[in-house]
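Student: For the protein sequence lines, the chains are D and R, in the order given. Position 271 of the first sequence, counted from 1, bears residue number 270 in numbering that gives the first Met the number 0, the numbering being contiguous throughout. Position 403 of the second sequence, counted from 1, bears residue number 402 in numbering that gives the first Met the number 0, the numbering being contiguous throughout.
These aren't lab readings, by the way, just hints derived from the structure by calculation. Hints are supplied without guarantee of correctness; some may be wrong.
Stated by the list, open to error - 30 angstroms max Cα-Cα, derived DSBU-like pairs, lysine-lysine:
(1) R/Lys391 to D/Lys298
(2) D/Lys307 to R/Lys472
(3) R/Lys242 to D/Lys307
(4) R/Lys242 to D/Lys41
(5) R/Lys164 to D/Lys307
(6) R/Lys451 to D/Lys127
(7) R/Lys242 to D/Lys298
(8) D/Lys41 to R/Lys129
(9) R/Lys391 to R/Lys466
(10) R/Lys164 to R/Lys129
(11) R/Lys473 to D/Lys307
(12) R/Lys582 to R/Lys472
(13) D/Lys182 to D/Lys298
One-letter residues, chain by chain:
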Amino acid sequence: MVLKLTDVRTDLFNDWCPGCGDFGIEASLQLALTEMGIDIDKVVLFSGIGCHGKIVHWTNTFGIHTLHGRTLAFAQGAKLANPGLEVIALGGDGDGFGIGAGHFVHAGRRNIDMTYIVHDNGVYGLTKGQASPTQRLGEQTKSLPQPNINSGINPILLALSTGYTFIARSYAFNTRHLKETIKKAVSHNGLALVDVLQPCPTYNDIETKAWYDGEDRRDASGKAVPRIYDVNSQGYDPVVTSKMPQEDFDRKIEQIFRLSNEWGNKIPIGVFYQEEDRPTYADRILQRIPTYVEMPPAKQDIFGTDNKSVVDLAELSRELAIDATEI
Amino acid sequence: MENDETKGAEVTIRLGAAAGDGIQSAGEMMMKVLARSGLYISTYNGNQSLIRGGHVWFHIHAGTRKVYSLGYGIDFLVPLTQLAFDQHFESVNTGGAVIYDPSIVKPHDLQQGVRGIPVPLGEIALKYDKRPIMKNTVALGALTSNLGVKFEVLADAITDQFGRKNPGVAESNIKAAREGYDLVKNLGAQSFELKYDYSCTKPVLTADYAFALGAVNAGCRFYAAYPMSPASPIVHWMASHAKQLGLTVFLGEDEISVINATIGASYAGARAMCGTSGGGFALMQEAVGEAAMTETPVVVVDVMRAGPSTGLPTKTSQGDLNMMLGISQDDFPRIILAPRDSADSFYTAGRAFNLAERYQVPAIILLDFAIGDGGYSTVEGLDPSFTVDRGKVVSVPSPGAVSGGWFRRFALTDDNISPRSFPGTPDLMFVAKTDEHDEWGHDLSDVNSGLKEFLPLRVKMHEKRMKKLESIKKELRLPEIFGPTGADITIVTWGSSANPAREAVQRLRMQGVSVNSLEFTDLYPLNESEIKRILQVPGKKVALEANYTGQFETLLKRETGIIMDAHIRKYDGEPIYPSEVEKGVLSLRKEVHAVV
Ligand SMILES: Cc1ncc(C[n+]2csc(CCOP(=O)(O)OP(=O)(O)O)c2C)c(N)n1
Ligand code: SF4
Ligand SMILES: [Mg+2]
């Protein structure tokens, strides 16, 4: 079925602040869904608590607005129960890298086939602008009485070190890039992170749209010189395979380390890492339970036509109970 | 009391050693021997939170009639260390015996009427291995001989234990056991014989295993946990049966991930459950509210251990009831069930799933260390014919259920239960939300919150959730009476504490005391009017539970206004002994407020 944007966008009132980067993320996500031609009934959006979380209401798919920080844990459970769902989780930077950091780390170990999009705005938006875990040391966004006393984490490297097999960064107001990145992330077989630089005009007066776009820096012709550039279009190839020589792999990791730490004058976006041949969690389960994909927990018949349980209790109890031939 | 058989019909055995000596597996072998000799069993695992050393013990109560708890005292003590002797010798009954290795244990201060049976356990064991590791098998031989049980039964149990892995090990263990058996036989020391029936095995299960079995029988296909005693046997069992049952077992990074993943799995359509002990449950609390708010069914089992905080990881308690009554913020419906023993646990698992799904609420099950981990009890005639009820799950829209493309997932209905669809179902798309929401799942917390036209809707949504409790309470089980109705004293108890109460009731009635017990398994929501009627007993009421404040007693008072005449509360971490109940009841008889 060919979808139009209006098919996936709801007509509910959207209460994000004017100029919020979340609008760009919403549009990019919805465009990606329409263009990918996936079965929209199978798409489920999971979000956390924060400004970002409301996106599930503006999008015409199954969705659940979970607890603050628990999006990934909740979404992984759902995907494990029904691997036929197209799971897209959305989090805030506070949500995903602060209160939910443990889940972020451990999701990498599992490599469940799903997508995680982070609205990275440097602040706890919904609670009025406190410094989020990605805000840099010494920065002082609007609500802070003093400069930020913590250093910021690097989501790209955190994801890299914990096992994410698709790691990308995009920019909320580059909807073309973000849309394409989301499409790649969703198509990727494994756990994909898209960290989206998201201006929050209300509370982040440092990393603003104007700043990202380089309005403060003009070339000779007076044109703004954007800070953001696309690494992939500049020839960086993110693909990693298990067969590649160790040296090449090491070089790639060094490159990612360097690129992901670039900030200030030049800010790279794009796919940093892409590894297709690491087994997903479903592959690993399949090694043990060959029927897992056709008969996952949510799809098994747990009762027969008579509503009675289908489990052979006698067999189970025989080994558990002492010699019970029947119990 | 349907049964007035006397002492000879039962036996209590305690094996004690250091951790790492294999006392739990020795205890389980002995339990097998007695179960295969047709006896009813109840065991307790006196564990410590360490891997080697210290002192651990395994207690078996077996009888020709049903036994419920640890019984009275110890008839046979088998201490493999001096510490084990010192800790337990005072509990040995008159007429009982201590089987010990004289080169290890000095049996000082043995009471009159207690026989010491010296057996060179270590010396015999060394004949079969370089290290005296088989001394507990020799001791089992001696014990089996003393009990007058056929040696073959022990030999079979040994083969079961070691045979599959290593037939050679089984063989030498059998030889070692035989020496212990013959030695005691030749001493002519055999003294204690029950009526054995080798043709009839009595199956035994711990409550943890019975609960796991009941859960998969009821359709549980997703189990999540983070390791924590004494709930770990459940995840071990689930993981080792994952393939056979098509189960997905999720070992989360913490209990927060565990419960959120479980709710996620349930939301996606699986029957999903997670398990933990009190500390882990404390971390899960916010998410239990999430399940209630999004009306996603979830089953959580808390195998209680003594707290607070890390507490006594391998000791028992019934101290988590207050937490369950007050889980996380504000009011939401929940079901709290506390099975008494293994058989109860099996059925409770199924009931919990059906109730959780029918009412779309969290169901909490309270087990405890005493019955959960190492607390085996006989289960006879479990009925596997479980009827699954998934409640109002819909797969096609009914008239009026969908509007503007949205499924009215949280519809206000007469019975306060809304139709539910699973993600992936065409034409039944909805959003769910941990914020307050309207019938479609859309926000009442943002632009609409506090607006006067939306206040009544918030009230309705909140009431819809809470009012489920009214229907649930009518479905829950009322307390059961053990013993005859009408007694001078009624012990009011719940969960596993019902077991020592039963044994005390039996014993007291033999002494002519008019006593019965009232056993609660379904703790919340309470059906106040029915319970008030039931508790309108002429005699005195004594509450029995394993916590400091009397958490259930307080709940009863809160919900029904009924005040107990006395209470027996225990919180040293050990299970309640029938003798302690007996003492409490007898002192109440003298109108004394009893605390053991
Ligand atoms: C357990 C818990 N702690 C705190 C909050 C309060 N809270 C709501 S949103 C939020 C921060 C959101 O920041 P972020 O995740 O970065 O999302 P944003 O609003 O910036 O999109 C916090 C702390 C909460 N809802 N739950
Ligand atoms: S506070 Fe910031 S992130 Fe939140 S809606 Fe407003 S602009 Fe967007
Ligand atoms: Mg933020």
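Student: Evaluate each hint against the coordinates.
Tutor: Against the structure, the hints come out as follows:
{"no.": "1", "hint": "R/Lys391 to D/Lys298", "verdict": "17 angstroms, holds"}
{"no.": "2", "hint": "D/Lys307 to R/Lys472", "verdict": "25 angstroms, holds"}
{"no.": "3", "hint": "R/Lys242 to D/Lys307", "verdict": "21 angstroms, holds"}
{"no.": "4", "hint": "R/Lys242 to D/Lys41", "verdict": "26 angstroms, holds"}
{"no.": "5", "hint": "R/Lys164 to D/Lys307", "verdict": "37 angstroms, violated"}
{"no.": "6", "hint": "R/Lys451 to D/Lys127", "verdict": "25 angstroms, holds"}
{"no.": "7", "hint": "R/Lys242 to D/Lys298", "verdict": "16 angstroms, holds"}
{"no.": "8", "hint": "D/Lys41 to R/Lys129", "verdict": "63 angstroms, violated"}
{"no.": "9", "hint": "R/Lys391 to R/Lys466", "verdict": "17 angstroms, holds"}
{"no.": "10", "hint": "R/Lys164 to R/Lys129", "verdict": "20 angstroms, holds"}
{"no.": "11", "hint": "R/Lys473 to D/Lys307", "verdict": "24 angstroms, holds"}
{"no.": "12", "hint": "R/Lys582 to R/Lys472", "verdict": "34 angstroms, violated"}
{"no.": "13", "hint": "D/Lys182 to D/Lys298", "verdict": "27 angstroms, holds"}
The structure does not agree with the numbered hints 5, 8, 12 stated previously, though it agrees with the rest.
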